[in-house]
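J.: One letter stands for each residue in the lines below.
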Amino acid sequence: MSIRTIVAIVFFSILAVFFVFTALMLSFGEPKKTDMDDYIIMHTQNETGTNSGVTTIVFDYRGFDTLGEATILFAAVSGVIMIFRRVKK
Amino acid sequence: MIYNLPFIAVVAMILIGLYAVLFKRNLVKMVIGISIIESGVNLFLITLGYRWWGENGGVAPIFTSAPSEAVKNAPESMVLPVPQALTLTSIVIGVAVLALMLSLVMHLYKHYGTLDIIKIRRMNEE
Amino acid sequence: MNWFELLTLHSPALIVAVPLLAAFLTPLISKINDIVRNLFVLIMLSITGLLVAILGYDVFTNGIRVYVFGGGVPLPSGMTLPVRIMFEVDAMSIFMIIITIVLAFISIIYSLSYLKNQDGLDKYYTIVLLLIASVFGMELTGDLFNFFVFLEISCITSCALIAFYIHKKESILAAFNYIVISSIGALFILFAIALLYGQYNALNMATLASSIEFTFFDKIALVLLITGLAMKAGLVPMHMWLPDAYGRAPASVTIILIGATMASFYALLRVSFTIYGNSLAVELNKVGNSSIKLNMILGTFVLVLAIITIIVGVLMALKQSNLKKMIAFAAIAEIGYMFLAVGSWLVALNDPNLAVAGFNALKGGIFHIINDVLDIGLLFLVAGAIYYATKETSLNMMGGLARNMKYTTVFFIIGLLAVSGMPPMNGFASKLLIYESTYLINPILAIVAVLCSILLLAVFVKVLHSAFLGPEIPDFKDVKEVPKSMLAAMGVIACVIIIFGLFPDMIVNNLVQPAAEALANNSNYITSVLGGGA
Amino acid sequence: MSEMSKIVRTLSNILFPFIMIFGLYVIAHGHLTPGGGFQGGAVVASGCIMLLVAYGSTWVFEKIKTSRLSVFESLGALGFIGTAFFGLVFGGWFFNNFLVRNGIIFNIVPKTGSTLANFNTAGVLPLMNFSVGVKVIAGLFVIVLVMGYASSLKEWKQ
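Chains as they are written, first to last, in our numbering: chain A, 1 to 89; chain B, 1001 to 1126; chain C, 2001 to 2534; chain D, 3001 to 3158.
Treat the hints with care, as some may be off.
Computed from the model, here is a short list of chain A residues facing chain B with C-beta under 10 Å [as the list claims (entries may be wrong)]:
{"id": "1", "residue": "I3"}
{"id": "2", "residue": "E47"}
{"id": "3", "residue": "D65"}
Derived BS3-like pairs: lysine-lysine, alpha-carbon spacing no greater than 30 Å straight-line [said to hold, decoys possible]:
{"id": "4", "chain 1": "B", "residue 1": "K1024", "chain 2": "C", "residue 2": "K2168"}
{"id": "5", "chain 1": "C", "residue 1": "K2319", "chain 2": "C", "residue 2": "K2031"}
{"id": "6", "chain 1": "A", "residue 1": "K33", "chain 2": "C", "residue 2": "K2219"}
{"id": "7", "chain 1": "C", "residue 1": "K2116", "chain 2": "D", "residue 2": "K3006"}
{"id": "8", "chain 1": "B", "residue 1": "K1110", "chain 2": "C", "residue 2": "K2219"}
{"id": "9", "chain 1": "C", "residue 1": "K2168", "chain 2": "B", "residue 2": "K1110"}
{"id": "10", "chain 1": "C", "residue 1": "K2168", "chain 2": "C", "residue 2": "K2319"}
{"id": "11", "chain 1": "B", "residue 1": "K1119", "chain 2": "C", "residue 2": "K2169"}
{"id": "12", "chain 1": "B", "residue 1": "K1110", "chain 2": "B", "residue 2": "K1024"}
{"id": "13", "chain 1": "C", "residue 1": "K2484", "chain 2": "C", "residue 2": "K2293"}
{"id": "14", "chain 1": "C", "residue 1": "K2391", "chain 2": "C", "residue 2": "K2116"}
{"id": "15", "chain 1": "B", "residue 1": "K1119", "chain 2": "A", "residue 2": "K32"}
{"id": "16", "chain 1": "B", "residue 1": "K1024", "chain 2": "D", "residue 2": "K3065"}
Everything labelled a hint here was simulated from the structure, so no lab data went into it.
C-beta atoms are modelled at their ideal positions from N, C-alpha and C, and glycine is treated no differently.
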């Protein structure tokens, strides 16, 4: 049992206690506050013209996140191509 | 009836993934462990946005196919849309991190000839 | 609305959008030839630099600027909570952006000649631009989930850049360690953001700051956020990725990696002072008559880790034989100094007689960010120059390089004096501020800090002797000086270091002072979004 | 990955158009039904990867140059950030939905319920969906193609 595994076990058990506590205390199904989401559900149609509540958030209310997401995919692809650049016939 | 069963599932996935990353020696198993933690956190995001309504639960916030009485009392009957958008982003992040890690694992296998992290670290020392 | 006001109005969004646009265009433009691509990257960076200058001038003259994406007014009609994503730029973010744009310029100019004969360069410049854009995004954003997205972009791009030398097996292993640790850290941060969203249904930092009442879940979210961000900033228990990552990456990439680490440090400050600012005075438990508040616990925790970081950083630096890893451990020690300053400010937050010393410590810590970035950056550029000239990284193989690499030796001496805090250089100014204030709070801290700083000096004098002075090594006889653009990059940093060292109050008064005030009280951070509500 | 048998190749030829149609449908109707650029792009990319597996990565690697695919990906990304910049130019704010109600195409506000006339709605969103879809198709296909081809080379089989 090297020191590395002992440290790993201690780290694992502390985090396990944290996560189990949060899971048991949270209440499923009745969120405490929902005013931001209610605003979005009520205003999707006439403010952004879509019928789908999720797509308005992905592309209009929080569109900048999706731009970040597109750059993540772009970065991953150019990263993989850069790592495999020596692969010639 | 189901109290917070989804949250227990989330914690189980996160702990399994963490176990795989911390204690497994094979590189590919570590990568699988990280994607399990990733899906655990995504499940946690989705279950935070659920809202119980009427007798058979919340309705998806999409107006094309929503039943008429759900559309009438709109905000209470529909599930929260924001966590679903956040999960979309986090899934794509999971794909990107996975692609990069697997290409690095392929290169490590080409350079070191083994997938065992302990052997690789020992080879790297000297 | 002439074009200047239009540019100031839209500058926060454009500072992130212009590098992104450049990154998307680079693969297409690099099909023409290399010179056009390098010119294009430099032009786009100078446009971003112009925007940073405009935004900086605007924020320093008339306060915090809020930029809403897609809408005009922060609060939609009839709502008390913002819905859209917002960029919130105050004096502290401007301070960090100036550091990032300086590092970006130096890195690109340095890499023009440092990586000239490498292949796969068009992908390299694309990913460097994405990394710069993501560090800008991390420092400008006012939205927690948006910060997580930019943190993840900086993770992926810096991992790809660390693995740039794919023929070297150590850099691939360093990249793998880096991506594993930072993706787990980022997942913990995402879990904490989900917890906060579950509690307050708000992702905007200002809204969270005003509505936090420090329940059980906020404690867990704070712990997860601090561990995740400290893991990214290189604090002791999770610092193992930093020496390999800094040591194995090309020198021009390491400069921007330092900027990304400082952005994670800034985020740690932003989370603990702005979002949890109001709950720092929450009384957790009573010992005798004195009540132990959150800031006392958080402060002692950060102080203990800071002291261990400094000691581990310096001692490990003594033991290294690889030049780049030695400088990387010195960088860890410098990060320890910043956490020392922040921890002492946290400890001295609420008791009246130490308030001035605490604020001086915070000013010293913030000033030390820019000093450390410049000193460690200069040392890494020198290490890159040695590697470029002699293709040698381990110290015991080098010797007598001063004969034909005169300028690099001069720059190394300047960097050496600056890192260990000798008087003429900028390191001295900020470290003195930190020593004074931590001494008032707890004398042991200042004593350990001074000792380790002297040990750092010993480390680098050893390097100076073994690498530069010493007898002539036969196979280094025909070593010639590094090309002009690398010397220019090093020269710029050296001049800035000397200017900061000779006139520190010029920087402290009109750059560090507003940043420290912006960080200390989060009230106008909240009111500029929620409109006087909080 | 070497080539599959004849039966698998013909079957994948037959199946491929249906997967493409479904994927493009999911991209096109992103603002009406659940789905959008990312999900539809992933479906079409899985169709392409099915072809890659059926025909073997060495054959596909000669046919399709990765540089041309990354050009497609850059175009998709430029389309997306270009629409955001147009929002700045026309609508006054970065990422503004300037086509709703006063644009020339995609400007109608939809009614609840699934009526056929709803396709021409939601302003900027369909444009962003298309560009993100192109980007995801090209991106995912390039990743799997490069990995597949690299693993089929001699030096990787130690």
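J.: Evaluate each hint against the coordinates.
T.: Structure-based check of each hint:
{"no.": "1", "hint": "I3", "in the structure": "14 Å, violated"}
{"no.": "2", "hint": "E47", "in the structure": "13 Å, violated"}
{"no.": "3", "hint": "D65", "in the structure": "5 Å, holds"}
{"no.": "4", "hint": "B:K1024 <-> C:K2168", "in the structure": "25 Å, holds"}
{"no.": "5", "hint": "C:K2319 <-> C:K2031", "in the structure": "46 Å, violated"}
{"no.": "6", "hint": "A:K33 <-> C:K2219", "in the structure": "19 Å, holds"}
{"no.": "7", "hint": "C:K2116 <-> D:K3006", "in the structure": "48 Å, violated"}
{"no.": "8", "hint": "B:K1110 <-> C:K2219", "in the structure": "45 Å, violated"}
{"no.": "9", "hint": "C:K2168 <-> B:K1110", "in the structure": "11 Å, holds"}
{"no.": "10", "hint": "C:K2168 <-> C:K2319", "in the structure": "23 Å, holds"}
{"no.": "11", "hint": "B:K1119 <-> C:K2169", "in the structure": "14 Å, holds"}
{"no.": "12", "hint": "B:K1110 <-> B:K1024", "in the structure": "20 Å, holds"}
{"no.": "13", "hint": "C:K2484 <-> C:K2293", "in the structure": "55 Å, violated"}
{"no.": "14", "hint": "C:K2391 <-> C:K2116", "in the structure": "15 Å, holds"}
{"no.": "15", "hint": "B:K1119 <-> A:K32", "in the structure": "50 Å, violated"}
{"no.": "16", "hint": "B:K1024 <-> D:K3065", "in the structure": "38 Å, violated"}
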